[in-house]
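A.B. asks: Let's have the full structure, built from the sequences with the hints guiding it.
Numbering (my numbering), first residue to last: 1055 to 1231.
Hints should not be assumed to be uniformly reliable.
[Claimed, not checked] Calculated lysine to aspartate or glutamate pairs in the EDC-like style (CA-CA distance at most 16 Å, straight line):
1. K1183 to E1110
2. K1183 to E1109
3. K1120 to E1168
4. K1183 to E1118
5. K1183 to D1089
No lab work stands behind these hints, which were simulated from the structure alone. Given the structure is predicted, the values throughout are model-derived calculations rather than measurements.
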Amino acid sequence: MSNVKPTDNLNISLEPHLVDALRDLRPVVPHDLADTLSQYTASTPPPTIPYSDPEEIEAANSAERKSITSLLNGLLSVLGSGFAVWWAADKLRWKNEWRVLLALFASIVVAVAEAVLYLIWQSRLSNSKRTKPRHKVRRQLEKNNDFNGTETSSKEKPATISTSIEEVTDAGLRRRQ
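C.D. replies: In structure tokens:
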């Protein structure tokens, strides 16, 4: 029981009767868990315990579904190609030994190809996860700041935005400098 660590991502609401029950448990639970519970058993506890963003949870679930689907797709491709080669060799009236060997060879080739494609897909997926937060931050900065670095509200937009390469004129045309 001493190795119990509190989880960081709880997804529960904290009702008033639960606060009373948690106060009674504080002396019984390990010290690190008691420290975590103390912020939720204060005189005015927050209405909910913080949890992960629902959009992040949905994105993780979606990624898991896509991964499972791609693995099942690869498995069906391997089985389907093996059966198709076995069936085609039967129509050519090959002996059973050669049909099985040819089907096995075709299945192995397709399995290796599917594994390589899956690894490529996973590496691209992990690379896109590393770069996404930068784009999100940049979009948020562009949304809140104009290009001179001064803050603008979301309702007021700058009249013109000038860059070093081109300049916006009153007619809406861009002229190179």
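A.B. asks: Confirm or reject each hint.
C.D. replies: Hints, one by one, checked against the model:
As the CA atoms of K1183 and E1110 are separated by approximately 12 Å, the hinted pair is consistent with the 16 Å bound. Only pairs whose Cα atoms come within 16 Å are accepted, and K1183 paired with E1109 is accepted, the gap being roughly 14 Å. Our distance criterion of 16 Å between C-alpha atoms is met by K1120 and E1168, whose separation comes to about 15 Å. A C-alpha spacing of about 14 Å is found between K1183 and E1118, which places the hinted pair at or below 16 Å, so the restraint holds.
Pair hint K1183 plus D1089 does not hold up; C-alpha atoms about 33 Å apart against a cutoff of 16 Å.
Of the numbered hints stated above, the single one contradicted by the structure is hint 5.
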